[in-house]
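Trainee: Spelled out, the chains give:
There are 2 protein chains.
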Amino acid sequence: MSYDPDEHTSSSFTYISQMGVWWIVLVVAVLTQTASAAVREYHWEVEYKYWSPDCKEGAVMTVNGEFPGPTIKAFAGDTIVVNLTNKLTTEGLVIHWHGIRQFGSPWADGAAGVTQCAINPGETFTYNFTVEKPGTHFYHGHYGMQRSAGLYGSLIVDVAKGKSERLRYDGEFNLLLSDWWHEAIPSQELGLSSKPMRWIGEAQSILINGRGQFNCSLAAQFSNNTSLPMCTFKEGDQCAPQILHVEPNKTYRIRLSSTTALASLNLAVQGHKLVVVEADGNYITPFTTDDIDIYSGESYSVLLTTDQDPSQNYYISVGVRGRKPNTTQALTILNYVTAPASKLPSSPPPVTPRWDDFERSKNFSKKIFSAMGSPSPPKKYRKRLILLNTQNLIDGYTKWAINNVSLVTPATPYLGSVKYNLKLGFNRKSPPRSYRMDYDIMNPPPFPNTTTGNGIYVFPFNVTVDVIIQNANVLKGIVSEIHPWHLHGHDFWVLGYGDGKFKPGIDEKTYNLKNPPLRNTAILYPYGWTAIRFVTDNPGVWFFHCHIEPHLHMGMGVVFAEGLNRIGKVPDEALGCGLTKQFLMNRNRN
Amino acid sequence: MSYDPDEHTSSSFTYISQMGVWWIVLVVAVLTQTASAAVREYHWEVEYKYWSPDCKEGAVMTVNGEFPGPTIKAFAGDTIVVNLTNKLTTEGLVIHWHGIRQFGSPWADGAAGVTQCAINPGETFTYNFTVEKPGTHFYHGHYGMQRSAGLYGSLIVDVAKGKSERLRYDGEFNLLLSDWWHEAIPSQELGLSSKPMRWIGEAQSILINGRGQFNCSLAAQFSNNTSLPMCTFKEGDQCAPQILHVEPNKTYRIRLSSTTALASLNLAVQGHKLVVVEADGNYITPFTTDDIDIYSGESYSVLLTTDQDPSQNYYISVGVRGRKPNTTQALTILNYVTAPASKLPSSPPPVTPRWDDFERSKNFSKKIFSAMGSPSPPKKYRKRLILLNTQNLIDGYTKWAINNVSLVTPATPYLGSVKYNLKLGFNRKSPPRSYRMDYDIMNPPPFPNTTTGNGIYVFPFNVTVDVIIQNANVLKGIVSEIHPWHLHGHDFWVLGYGDGKFKPGIDEKTYNLKNPPLRNTAILYPYGWTAIRFVTDNPGVWFFHCHIEPHLHMGMGVVFAEGLNRIGKVPDEALGCGLTKQFLMNRNRN
Chain Z
1 MSYDPDEHTS
11 SSFTYISQMG
21 VWWIVLVVAV
31 LTQTASAAVR
41 EYHWEVEYKY
51 WSPDCKEGAV
61 MTVNGEFPGP
71 TIKAFAGDTI
81 VVNLTNKLTT
91 EGLVIHWHGI
101 RQFGSPWADG
111 AAGVTQCAIN
121 PGETFTYNFT
131 VEKPGTHFYH
141 GHYGMQRSAG
151 LYGSLIVDVA
161 KGKSERLRYD
171 GEFNLLLSDW
181 WHEAIPSQEL
191 GLSSKPMRWI
201 GEAQSILING
211 RGQFNCSLAA
221 QFSNNTSLPM
231 CTFKEGDQCA
241 PQILHVEPNK
251 TYRIRLSSTT
261 ALASLNLAVQ
271 GHKLVVVEAD
281 GNYITPFTTD
291 DIDIYSGESY
301 SVLLTTDQDP
311 SQNYYISVGV
321 RGRKPNTTQA
331 LTILNYVTAP
341 ASKLPSSPPP
351 VTPRWDDFER
361 SKNFSKKIFS
371 AMGSPSPPKK
381 YRKRLILLNT
391 QNLIDGYTKW
401 AINNVSLVTP
411 ATPYLGSVKY
421 NLKLGFNRKS
431 PPRSYRMDYD
441 IMNPPPFPNT
451 TTGNGIYVFP
461 FNVTVDVIIQ
471 NANVLKGIVS
481 EIHPWHLHGH
491 DFWVLGYGDG
501 KFKPGIDEKT
511 YNLKNPPLRN
521 TAILYPYGWT
531 AIRFVTDNPG
541 VWFFHCHIEP
551 HLHMGMGVVF
561 AEGLNRIGKV
571 PDEALGCGLT
581 KQFLMNRNRN
Chain V
1 MSYDPDEHTS
11 SSFTYISQMG
21 VWWIVLVVAV
31 LTQTASAAVR
41 EYHWEVEYKY
51 WSPDCKEGAV
61 MTVNGEFPGP
71 TIKAFAGDTI
81 VVNLTNKLTT
91 EGLVIHWHGI
101 RQFGSPWADG
111 AAGVTQCAIN
121 PGETFTYNFT
131 VEKPGTHFYH
141 GHYGMQRSAG
151 LYGSLIVDVA
161 KGKSERLRYD
171 GEFNLLLSDW
181 WHEAIPSQEL
191 GLSSKPMRWI
201 GEAQSILING
211 RGQFNCSLAA
221 QFSNNTSLPM
231 CTFKEGDQCA
241 PQILHVEPNK
251 TYRIRLSSTT
261 ALASLNLAVQ
271 GHKLVVVEAD
281 GNYITPFTTD
291 DIDIYSGESY
301 SVLLTTDQDP
311 SQNYYISVGV
321 RGRKPNTTQA
331 LTILNYVTAP
341 ASKLPSSPPP
351 VTPRWDDFER
361 SKNFSKKIFS
371 AMGSPSPPKK
381 YRKRLILLNT
391 QNLIDGYTKW
401 AINNVSLVTP
411 ATPYLGSVKY
421 NLKLGFNRKS
431 PPRSYRMDYD
441 IMNPPPFPNT
451 TTGNGIYVFP
461 FNVTVDVIIQ
471 NANVLKGIVS
481 EIHPWHLHGH
491 DFWVLGYGDG
501 KFKPGIDEKT
511 YNLKNPPLRN
521 TAILYPYGWT
531 AIRFVTDNPG
541 VWFFHCHIEP
551 HLHMGMGVVF
561 AEGLNRIGKV
571 PDEALGCGLT
581 KQFLMNRNRN
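Residue numbers (UniProt numbering), protein chains in the order written: chain Z, 1 to 590; chain V, 1 to 590.
Hints listed in this document are in silico derivations from the structure and should not be mistaken for laboratory results.
There could be a bad hint or two in this list.
[Claimed, not checked] A partial selection of chain V residues facing chain Z, derived with a Cβ cut-off under 10 Å: (1) A112; (2) C117; (3) P121; (4) L167; (5) R168; (6) D170; (7) S217; (8) A220; (9) T412.
[Unchecked claim] Pairs of lysine-lysine, PhoX-like flavour, derived with a Cα cap of 25 Å: (10) Z:K87 - V:K509; (11) V:K324 - V:K379; (12) Z:K362 - Z:K250; (13) Z:K380 - Z:K324; (14) Z:K195 - V:K366; (15) Z:K195 - V:K324; (16) Z:K234 - Z:K423; (17) Z:K195 - V:K383; (18) V:K383 - V:K509; (19) V:K324 - V:K362; (20) Z:K324 - Z:K56; (21) V:K56 - Z:K56; (22) V:K56 - V:K87; (23) V:K73 - Z:K423; (24) Z:K362 - Z:K423; (25) Z:K56 - V:K569; (26) V:K362 - Z:K87; (27) Z:K234 - V:K195; (28) Z:K234 - Z:K49; (29) Z:K250 - Z:K273; (30) Z:K503 - Z:K383; (31) V:K250 - V:K161; (32) Z:K87 - V:K87; (33) V:K250 - V:K234; (34) V:K503 - V:K514; (35) Z:K195 - V:K250; (36) Z:K49 - V:K195.
Ideal placement from N, C-alpha and C gives every residue a C-beta, glycine not left out.
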């Protein structure tokens, strides 16, 4: 066994020693002999700290004083236990384990208002779940816009101990990508909720593993004189980039994930090809690319072979696509250890592809197929939703709506309402399953006024569900925005993408039913549609929402529920708010 | 009966009409005949709004979209019901009814962590309490530093209907004084909790009824050229001052209260005498003054007779004392209706007395005696605490401590812990009842390191308690700060003030036992002591703390408990956090 201090087997010594160390040692020894899966227990405290993610100081939400939060590294089959203590002053808190399906533990999904109540200041809540398969994942806050405040970190699951990884590589790196604003999050939330709405604008910086550079560039020597100056950070500064040190003629796995609030990104490594091998925790058919698009909520692994001049270093660039960029490329360095780490690359960093070349973007998405041997989707669906994405107005407040309903999550978490049949917890009428087929997606909404709602879509257990997400024009002008839709509790197959309105009975014929990729995030392109399919095999209540943080804040999500009579025990600690509080306080009364 | 829409009797129509209007009308009619006390029910929603309290826009915590929150006006004996809905995104919320003793309703005192759990976002909590005697009061947030965020308003109780007010006046005004910072509250809280501590500095503006002017002056015409320019606000702007319109040769009652985060204030009305008649909701022996000191947590009524030239207007000035000021005087206008409201006064506003003339400050406090016929204090105390106020360090974090303990309120409200005997809710060991008598208050603490704690002082029911608060030097330099100490659940008699260290057995002889004022806030002057006395006649758990918001945030408070076996029913809704949540969820289990 490993003596990784994060493993429960070793940390037990610290916490249970008074109870009799020798007895524990015996039990642990026996367990270690009989099971390869470990329990990895963490004690985390979340609080604000002053931090300088992009060399400018601000308030950042930290885990155990770190930003980004500590990386969880586990093996498939391991159990993760996180004792999460809220050290904030007045704010509640949850953490969502993005990409983890939470089979049997829907209460641990960490979506406030959906699967649990927010953890109150001063309280500790214990997440306990199994990571059942290998993959590149992350975790993040899922209450208000706390993800944007910096509450995120990586969650990496390797193949189970004793099993072999099918990918071949000599080393690995983990790059968690995010975007960063100088405006504090409560202020951003207020602006978005105001009449008229005040938009947050484009990010000040892109961060790579929580590090970026505002108003300066690592590649200033290639800039013309109107451009950015050289950065002046010192080694060891919080905004100094993490340099990737590599040996020549090796293959590295680079794990990428994006927890941006808004930005769609493109990453390239100067002079190097990338072989894309994993998407959202699922192996895909490898393909080679010069650069990779990555949207908020997505993760990838790419293999990079260090086959270039080993006396040089190379830029890694991350730029904005999909929206007109107003944020400088983030840069770091791929350092061949045969060259001095301080040596700057000899040519400018890769240019990010044009932001509005959506054909290029779509073509990238369409290159992704599941790996051979991956499960195929059922051939037919039993239930189908067609979800129109629109920007709307409610009493002059700007909102996003799905089939004309802008989601407001209730004070009582759905999981509690359905578990205990609290009929007033949310509106039991399902929201519309489709939209008026005469709706013109190419124009602004003719009747922009809409309503809020908290109804959900309830599915039978173990049926196949198709969801078509349908894009449309926004309130003003001729723009349709990109929306990365993320589903909790599931991987889904991405059956296809199309332009314009989805044509039922016709567009199904274009589906890829042979090797569609399994993912947890799918991209909806401007004026187009995206079709996904999944099986309702995971009893629980699952959020499905645009992963752009301000869009979700403005109502852009729906909620799915399935297998409701198969939901197991939900710890009382997950349910101490709204109607569940009253119910649990009174349940044993006569 | 009145048809004030705030009264329950009339608002009942709205809320219960479906149940049978006529039956209700009958009941109401009967009640109105037989009881003069009303139930005043309010529905309040708290959320952030953009607001410009001092002409500069920021995020302000509003009640029903107003800042300051709505004024509650009631008659003695009325019952106040406030249904408080938290519309914030991720923050909890409570409201404290400052000056209301909450006899029989200790759970409604609104001190988070002491008498209740914070109200979660999306939830509604109902406060229900009686205002048993007339007085000038206010309400404010009491969780984190939400008071500083703007969560406050006035609570005015008139003499019971049918009884006559002993003061004679022709009209009244209400001036709620506060101070205002441009730095957002979460950022202030972070700075105070950081190592090294970042102090919030002096306020940007003083506000009169939520209105102030930053970087300009209503009296610019009297300034020399290095001074502030004339203000450019327009009538109707959120920062335009409220002008007091008066008729000549009348007497007005001006109700003053201060909910400042930090500032000690002095108010004067140009050319007019003030007759001070009420302090903290208790009649006092009237005395005449040119200006009045008012500290955070205090309230006063003053009578002003409009006996000056009725063709002129007069400045009302509010300036900072007690700390070296770096905040412009707040100004508004006393307008004789016989003069145009827009006419500026013909001479400069009153000059605020020197900030560090503490003898003047103490002399003002010492002019306050209870009104004839007020209850006298018991002649002897049964229990006594001597509470040393010091600034300290804990692991390099700056804190305030009382007898070397810096208070950290627990996640479980004390009232719940004592009501249900939850032994782990807080440390059952009482904090020290005094301090080392060789401690030198004139020098910085020789051993600045201290500890945090959450123990409380438990008193028997119906005994007389003396508390001596003792000031001392701060960590650095030769300064001792002013601390206005506020007690919840009680009025207390202020028996005396003294310089230097309180000398037991000697200084008691200086006590005023004849006509000491009854108050809920007492001032502790630099390097001095203040003695208060109260009777533990109100079963409950009561906060006693420095009313300076950042000082409380840094631990400057203690908690008293009394009559614990006489505490009545506490609504479950007040207790849904920490150990009370677990307890209430499991109490009926076998």
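Trainee: What hint numbers does the structure not satisfy?
Mentor: Checked against the structure, the hints that fail are numbers 4, 5, 6, 7, 8, 10, 11, 12, 13, 14, 15, 16, 17, 23, 24, 25, 26, 33 and 35, while the rest are satisfied.
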